[in-house]
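Chemist: Chains A and B are the protein sequences, given in the same order.
FYI, my numbering numbers position 247 of the first sequence as 248, with every residue one higher than the one before it.
FYI, my numbering numbers position 172 of the second sequence as 196, with every residue one higher than the one before it.
These are computed hints drawn from the structure, not numbers from a lab.
In this text, all values refer to a predicted model and were calculated from it rather than measured experimentally.
Be aware that a few hints might be false.
On the chain B side, residues computed to face chain A include the following (Cβ under 8 angstroms) [what the hints assert, rightly or not]:
{"hint": "1", "residue": "27"}
{"hint": "2", "residue": "37"}
{"hint": "3", "residue": "139"}
{"hint": "4", "residue": "140"}
{"hint": "5", "residue": "146"}
{"hint": "6", "residue": "336"}
Cβ coordinates follow ideal geometry from the N, Cα and C atoms, glycine included.
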Amino acid sequence: MTAIIEARGLTKSYGKTPVVRSVDLTVEAGRIVGLIGPNGAGKTTVIKAILGLTSFDGELKVLGRDPRTERDALMEEVCFIADVAVLPRWIKVSQAVDFVAGVHPRFDRKRAEEFLAKTDIKMTSKVRQLSKGMVTQLHLALILAIDAKLLVLDEPTLGLDLLFRRSFYDNLLNDYFNKERTILVTTHQVEEIENILTDVLFIEHGKIVLNSPMETLGERFAQLIPAAGNVERARALKPFWEREIFGRVAMLFDGRDPVDLVALGEVRAPSVADLFVAMMQPVGTAPSPASKEAA
Amino acid sequence: MNNMIWLIRREVWENRSLWIAPLVVAGVILIISAFGGIHVGNGNDVSLGWDSDVGAHMSAQDRENIRNAMATAPLSKKQIIYAITLSTFTAILTFTMIIVLFFYLLDSLLAERKDRSILFWKSLPVSDTAVVLSKLFTAAVVTPVFVLLVSSVLQVLFAGVWSIRFSDSILGDALMAWDGATWLKIQASFLLLLVSAILWYLPILSYLMVVSVWARRNAFLWAVLPPVAILAIEGLLHQSNHVGRFLGRRFIGMFQILEASAGRMFGDENEGFVTLGQVVKSVSAVFTHYETWAGVLAAAAMIFVAIRIRRYRDDN
Chain A
2 MTAIIEARGL
12 TKSYGKTPVV
22 RSVDLTVEAG
32 RIVGLIGPNG
42 AGKTTVIKAI
52 LGLTSFDGEL
62 KVLGRDPRTE
72 RDALMEEVCF
82 IADVAVLPRW
92 IKVSQAVDFV
102 AGVHPRFDRK
112 RAEEFLAKTD
122 IKMTSKVRQL
132 SKGMVTQLHL
142 ALILAIDAKL
152 LVLDEPTLGL
162 DLLFRRSFYD
172 NLLNDYFNKE
182 RTILVTTHQV
192 EEIENILTDV
202 LFIEHGKIVL
212 NSPMETLGER
222 FAQLIPAAGN
232 VERARALKPF
242 WEREIFGRVA
252 MLFDGRDPVD
262 LVALGEVRAP
272 SVADLFVAMM
282 QPVGTAPSPA
292 SKEAA
Chain B
25 MNNMIWLIRR
35 EVWENRSLWI
45 APLVVAGVIL
55 IISAFGGIHV
65 GNGNDVSLGW
75 DSDVGAHMSA
85 QDRENIRNAM
95 ATAPLSKKQI
105 IYAITLSTFT
115 AILTFTMIIV
125 LFFYLLDSLL
135 AERKDRSILF
145 WKSLPVSDTA
155 VVLSKLFTAA
165 VVTPVFVLLV
175 SSVLQVLFAG
185 VWSIRFSDSI
195 LGDALMAWDG
205 ATWLKIQASF
215 LLLLVSAILW
225 YLPILSYLMV
235 VSVWARRNAF
245 LWAVLPPVAI
255 LAIEGLLHQS
265 NHVGRFLGRR
275 FIGMFQILEA
285 SAGRMFGDEN
295 EGFVTLGQVV
305 KSVSAVFTHY
315 ETWAGVLAAA
325 AMIFVAIRIR
335 RYRDDN
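The following block holds chain B by itself, in its conformation from the complex (with noise of 0.2 angstroms):
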């Protein structure tokens, strides 16, 4: 357990990159919800900047009409705007995170072979199976959870920079101020959604991994072209796609079982913002859903097979 404490904060010393991009991309978005503006249609449609207040180029009845219709809006229909706009935000850092792991997951196993300092790594008292646990343990746990904390404060400060920019403007009316109960609902949510979201692509992770531990260079290539030299072959003999849709059912299967579970991933409209108890009902129909579990032990195979690459293999 000690061990594999620093086993992890040494991937975090190497691959900065993990913490720094959601770092980075968190305080672009913040700065552009602070200072930046948008300009849609001819610049006067809508128009959005620090000194122009939206809808400014409305006539007083208008903004009048507008600021009525928003104040006896339902309260359920502002959630969900609230929700999906803050949503967005932990949407964009999941694929910036998406990318970073992508590319650390392929150099995983395969930097320390490139620098040779693999012979250090072993010179030391740290079993194979904890190395290679370490880094799907920092891919898989270490990094979502992180990224999840950095849009949970994200959401926090953007909420502040737009209730202050936006107070007396429309915009400030359509979206609330800031409501704690639907955030922490949106934060709970984020949470059941990545345990669930751990356990069905943690095939992927593995796959990327025994590419790392087994490809001398290239890992990029050694990764993807395999699977569309596969998908292109049995197109082209059997004009078929299973392949494919066993692949693509990978990718976004679980989406796909969580909306057949309960409908809308934000609820309805006229039934209101969806509940915690819907997002636990759906996230358990991925945990009992048997292609999960079936990932799951496709991943410890891949996994153990990893390990022992790492273990025997003898670099001549």
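Just chain A, same shape as in the assembly (with noise of 0.2 angstroms):
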């Protein structure tokens, strides 16, 4: 089995300002990738360089084949969502369809005309007289319906209100999502997908600073809150991270044997929302007291 997405030394630089460094990653068949990172880490300079919008260094196949070179053939595999609100605001609903389907081998018209048939838009319409949350339903209408091997999402749910967000991933999953089908997606809000997401990247500063299937973070990470008197005994094992939460001290530890801790209090599997916060702020980095992340 070839992979999907295949990177070694992935670089990128504006000027002088590196923005993704010696990036490797491999991303097999069948996964939902999440690629997370604060603002500015790189994370849609990796998804540019792999949908071939920009330049780059380093080796990288999409489907075996070269973005850089190989574009207009890889797009008929590869569907992205790059943004929400991209549709030209100028179009009519059944232009939009009636233009995927002339130009798109794998796209099922059915399939769309059926999911917007689900959904509060009108054909007749034009884009700029939906709503945000419609014009997304649109954009995803469009995409469910091409039988793409790869599907891109950079932030495909941003301003929109939580009813929207939920419906996109389900459908997502429930309409699109099989086995011999990939999606990557990058978000800020990680809460919401990390339990459709198959494997989780960290992206800091350019460079992949985690790389797992979300099976094994539990085997690797563990958080734990120390019962009292516990704390500095805890601390003696090395927690990468720890933070105050209603007085109460919790702390992240990584590749620790769980009967270490459980010794020592509450033991439990860290949210991938706990794990980013603690990896993009090490210890003694932390803001004090406990942040708004509190899980």
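Two independent chains are provided; combine them into the complex using the hints.
Modeler: Quick look at the structure:
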């Protein structure tokens, strides 16, 4: 099985500012990968490189092709929603469906129309008459009807309300995703997608700092809330991050035997959001007291 | 090829002024020709209105004389008047089209970046080459052919209106009611002229597209100011006008070549209305002129650049 995305030493600078520094990355078929990082970490640049929208150094193969030179062929099998509301505002819903049906060999018009029938979107409306949420629904309807091998989503739900965000990911999972398909998604709203991800990638300052399947996250990382009096002993086990929540200390450990920790207090698997915050703010740099990220 | 048709359809959807503007202008011409009136002089020298017969103030004898003169005028003269009248409409529509195309081309590769819809278009399996060529083709071929069709229909309708309205006046005598052979000749001539005009003006169209793909905003200023600035600098520093002559030649050169080859555009009063053979001859003078093909080469280079910029541009 060849990888869907294979990057070796992927590097990109704007002028003298490096934004992606020698990223190695492998994404296999049938995965849903979350690419998560703070603003300016290089997420969008990695995605642009994958989509052939920017030049880069290093090696990158998407579906076995070089996005720099084989972009046109690649776009038959790769779909992306680069941002919310990039559909042209002048276009009618029916025209958008007609156009994609006209140019995309893998577009299933019936599927798109069925999906649209479930929404409040009228075929005669123009995009400029639709709400932001409806524009995203329309975009999703077009994308879901394309039989693509790789779907790339860059902040697909930014600025949408909770109901639209929830149904966006529900539709993605129920109507689109299967073993032959791969999804790469970036978002700020980590909590909302961590349940659907199969893999998580953290990127910071242009470097991948965590690359793990979701199922092994719990084996590797543990969160401990030490019982009163055990805090110093727990610290001796070298947590890589700690913070205070309501007067109690929570610590995160990387690669500690759970047996050691259970003796000291309450142990559980950290959420991706917790891990993200912890890894972006290592010990000593964490703002204290407790942030709003309380689990 | 299939993609190309959809891309052109897309241009027509998005840029409705391309076809609405000529239709509106044609409609206005038709309405004016049916209901409008003009008054020259003190209102009774030449008066043209639905209820006023032209020359109504003349004596019966004068009118009779004019009618006789008209009736005995050679056909070739009448054909020339006829052709000039009908061609005027094509000229007005062409002028409208030039204005619309100018703004269409300046916006053609900029609007999609301004509203970020380029990210949607680029998510589809359509090459940048196809997109850029579809826009050029819409401007250089689709729109002019459409305008020519509109002008052909307008000429027929106008002839109908004219013959009903002035059937019993001097104007009716002066202008032939309907001359199918001349009409066809006009259409054929304009079609030939169009082909040579496309080739001749291709570099100007391409230049506007390069500006459009390159500018971040104010494409109009980017298109107009640099040539004007170069002109001014040359004039100030060198007291010469090579750039101006070069640009001027590109704007009117085709007509200079046509005229050098054929003499009068509509033929000579004494020799009669220009024949199709003469039109072919003068248009082939454009086809065989090295400046035409130098322009086409320059256009090809600019279009290549436009495609490359659209493909590799990375607006961060």
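Chemist: Would you mind marking each hint as holding or not holding in the structure?
Modeler: Hint by hint, here is what the structure shows:
With a least beta-carbon distance of about 5 angstroms to chain A, the hint placing residue 27(B) at the interface is held under the 8 angstroms criterion. Checking residue 37(B) against chain A: minimum C-beta separation of about 6 angstroms stays under 8 angstroms; hint holds. A cut of 8 angstroms between beta carbons decides the hint on residue 139(B): the least distance to chain A is about 6 angstroms, and the hint holds. Because the beta carbon of residue 140(B) sits about 5 angstroms from the nearest beta carbon in chain A, less than 8 angstroms, this interface hint is met.
Taking 8 angstroms as the C-beta contact cut-off toward chain A, the hint placing residue 146(B) at the interface holds, the least distance being around 7 angstroms. Against a cut-off of 8 angstroms between C-beta atoms, the interface hint on residue 336(B) holds, since the closest Cβ of chain A lies about 7 angstroms away.
Violation of the numbered hints given earlier is absent; every hint is satisfied by the structure.
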